[in-house]
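S.K.: Residue numbers (full-length UniProt numbering), protein chains in the order written: chain A, 1 to 435; chain B, 1 to 435.
Hints may contain errors.
Intra- or inter-copy, both count: the list cannot distinguish identical chains.
Distance condition first, Cα-Cα at most 25 Å in a straight line; then the derived DMTMM-like pairs of lysine to aspartate or glutamate [stated by the list, open to error]:
| no. | residue 1 | residue 2 |
| --- | --- | --- |
| 1 | Lys227 | Glu64 |
| 2 | Lys227 | Glu48 |
| 3 | Lys75 | Asp50 |
| 4 | Lys227 | Asp31 |
| 5 | Lys227 | Glu36 |
| 6 | Lys5 | Glu101 |
| 7 | Lys170 | Asp339 |
| 8 | Lys251 | Glu404 |
The set of hints was computed from the structure by calculation and includes no laboratory data.
None of the values given here were measured: they were computed from a predicted structure.
Protein chains: 2
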Amino acid sequence: MSELKLRRLDVGATDFDRELNALLDWESVSDTRVQETVAHVIHRIRTEGDAALQDFSRQFDQFEVDSASELVLDKAAIQAGFDRLPTEQQEALQTAAARVEEYHSHQVGESWQYTQADGTVLGQQVTPMDRVGIYVPGGTAPLASSVIMNATPARVAGVSEVVMATPAPKGQVSDFVLGAAHVAGIDRVFLMGGAQAVAALAYGTETVPSVDKIVGPGNIFVATAKKQVFGKVGIDMIAGPSEILVVCDGKTDPDWIALDLFSQAEHDTDAQSILISQDGAFLDAVSESIARLLPEMERADVIRQSLADRGALIQVDRLEDAQALINRIAPEHLELSIDDPESWLPAIRHAGAIFLGRHTPEALGDYCAGPNHVLPTSGTARFFSPLGVYDFQKRSSLIGVSPEGAKTLGAVASILARGEQLTAHARSAEKRIDE
Amino acid sequence: MSELKLRRLDVGATDFDRELNALLDWESVSDTRVQETVAHVIHRIRTEGDAALQDFSRQFDQFEVDSASELVLDKAAIQAGFDRLPTEQQEALQTAAARVEEYHSHQVGESWQYTQADGTVLGQQVTPMDRVGIYVPGGTAPLASSVIMNATPARVAGVSEVVMATPAPKGQVSDFVLGAAHVAGIDRVFLMGGAQAVAALAYGTETVPSVDKIVGPGNIFVATAKKQVFGKVGIDMIAGPSEILVVCDGKTDPDWIALDLFSQAEHDTDAQSILISQDGAFLDAVSESIARLLPEMERADVIRQSLADRGALIQVDRLEDAQALINRIAPEHLELSIDDPESWLPAIRHAGAIFLGRHTPEALGDYCAGPNHVLPTSGTARFFSPLGVYDFQKRSSLIGVSPEGAKTLGAVASILARGEQLTAHARSAEKRIDE
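Here chain A stands alone, though its shape is the one from the complex (with noise of 0.2 Å):
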């Protein structure tokens, strides 16, 4: 095994600007062949529907049935799967359901109107959206606390029916997936994965439903799919890579933080792990401590290789530098492990989400904490946010205008029709002033 070389920046040094911007620069690959395939997929969805998910299942799954009905598990198949499931996993997965749920409960949205003066009503109706799919993938590691995170929101918005896709390769789906799916209250399960899933869920076949929004993790041909029937559907943000930014004042077991970075770094390859401390000796305490647990880790390999691509320890001269770094690199997981880690809140204007104080890693946010582990990740959370119960809510205005406002209100909008050359506008408006 070859020794891991952790990249180490001093924002002292003259071409710190320049290496920054290198570590952090990430941008997702367009493939015209990949946008071709999946634009291919979606028409033969879309125009053949059961029996083309029928041959993609048999193609890309090795996954034969005579009927696309059998693709479909209903509430009962589902609770089978948490049923065969040991207790302790049980327990874990409703244990972090019910927090999960929780603390989404605090994000319902509510109507809301106001009466002005003249009797004109004005105001916004909230409503859940009809039916969400959630896109789980497949692969070695089963994502149940993926299930949890994208279906919570969706149920505590008031959706009516939140139904799930996943692939199953030879027919196989995972227990711990079904369990997830059970308490996390899904409706339906799809065993249908790729872009043809993406276009079932979006357009509907006969066995499968359209819905009203796409959300969930997904290979390229996932995420081009997505990318591609929004506006027929709405989806969630695009995600790169996973990342996360400690900061810490020197006082943490370096053990802890290596730990930390370890736990982002083993996700993929390209997972970004990055330090800052003030204090260099810490530093090298952390690197010393990287080095003597990496062997342990079962995703060891992974882990060198994303801290050794992607990785890095930032030391500042003062750790107060460190919130100017925090709002430019708009971290996806921000961990501040130091003393009253509140008081910086004021200062942090861009992060997905912040884990305050030395007792909260990333991993606890991860599974159970309650927050949604959906994140904007590259720096996009200077405009995303974390997946909410907002992202299965919408919003319709309320206008009721009255007569007296009519009159009001139209001599002004025929002003500014009319400086728009836009006349029925205009006369649309006036005819409710001469009433």
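Got chain A sorted already, so can you dock chain B onto it with the hints?
M.R.: Just chain B now, with coordinates in the frame of chain A:
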């Protein structure tokens, strides 16, 4: 002038479903040539900056400048445009801006947090974006109202800098648009349009600062550019042609309803105007009003083609049957020209904006009632909301786990992480238990 034959549908007819689907069918065509042109423009702006911007301004806008700094209007230049307007327009713009600001102040999201029994703190911090760009199309009709509707929610959200991009063919820009920019509090106007303007706002040039989000309407090049830069910056929703669904019980003056349908149809020939009533004689009366009033309209040709191609009068058996059609159509604008329209609200699940009562024509909402006129089109009210303050704020999850909480949550996270085969996550959580 050819006579207008307005489509008449009856929910009782056997082919009603098919006819309604054909009427509503709309899909924007994705044109490879446009996509390639836009990709090229974005690439040039990214690599050549101001020089490319000046090139494109000369090429597309017949606007030649020696330095890119001539493309910038500061606050004084913006106000000069306002000062040149007639008093009537100045006052109308100010009234509209004040009303829109007041309405949107009700949408400001607040940070929140709560403390659990074990001392664990959970919450969400709400912050504004740093800088936002508003795109305002050129063309014949100066879209002053669009400036107010796009900029105001950003300003109310607390965005530090709101800039605007608008093409200036031969260097000309409308004082009406500048006046709107003045009352809406725009900080800087960049005289640039098309895909190059979107690219400059997304990536920045020597002169144009990069923004966090780009909103506002535009032609196919602008819309395609926004879709291509999505992810690098946020964008608003993808807009199709504008539409209105009027529901009337037959007791409103048919001339009023005819003008309301015209006000939608005059936008462009793809716009859609639909009227539903249980009263066949009333539908006849509206047809007569349309025939009589149409020749008086300045934009009669656009209105005639829009109504002929995409308009319809739909007769239902009972007025309440319109509710199911509303939810199926999910209209951008819904006008309830009926008695006690508020009693219908609980039954309406999907609509961009709901105009309540006979004195609330859409035109009032378009300009000055208060709510936003940027609304979800083509049935996307199923999952999109009106543009609002929430589009310019973003959230950061807050998680502060107490030492006691870390023991409980660590145990749960450990089980789930090991179930997902993410053992570094498990170890990071377990470390806080062992303490």
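S.K.: A separate judgement is required for each hint: does it hold in the structure or not?
M.R.: For each hint, the structure was consulted:
1. Lys227 x Glu64: neither (28 Å within a copy, 37 Å between copies)
2. Lys227 x Glu48: For Lys227 and Glu48, the Cα distance is within 25 Å only inside one copy (21 Å; across copies 28 Å).
3. Lys75 x Asp50: Answer is within; shortest intra-copy Cα gap is 21 Å, inter-copy 59 Å.
4. Lys227 x Asp31: Answer is both; intra-copy 13 Å and inter-copy 16 Å each pass.
5. Lys227 x Glu36: both (13 Å within a copy, 17 Å between copies)
6. Lys5 x Glu101: Neither way: Lys5 and Glu101 sit 42 Å apart in one copy and 54 Å across, limit 25 Å.
7. Lys170 x Asp339: neither (52 Å within a copy, 59 Å between copies)
8. Lys251 x Glu404: between (67 Å within a copy, 19 Å between copies)
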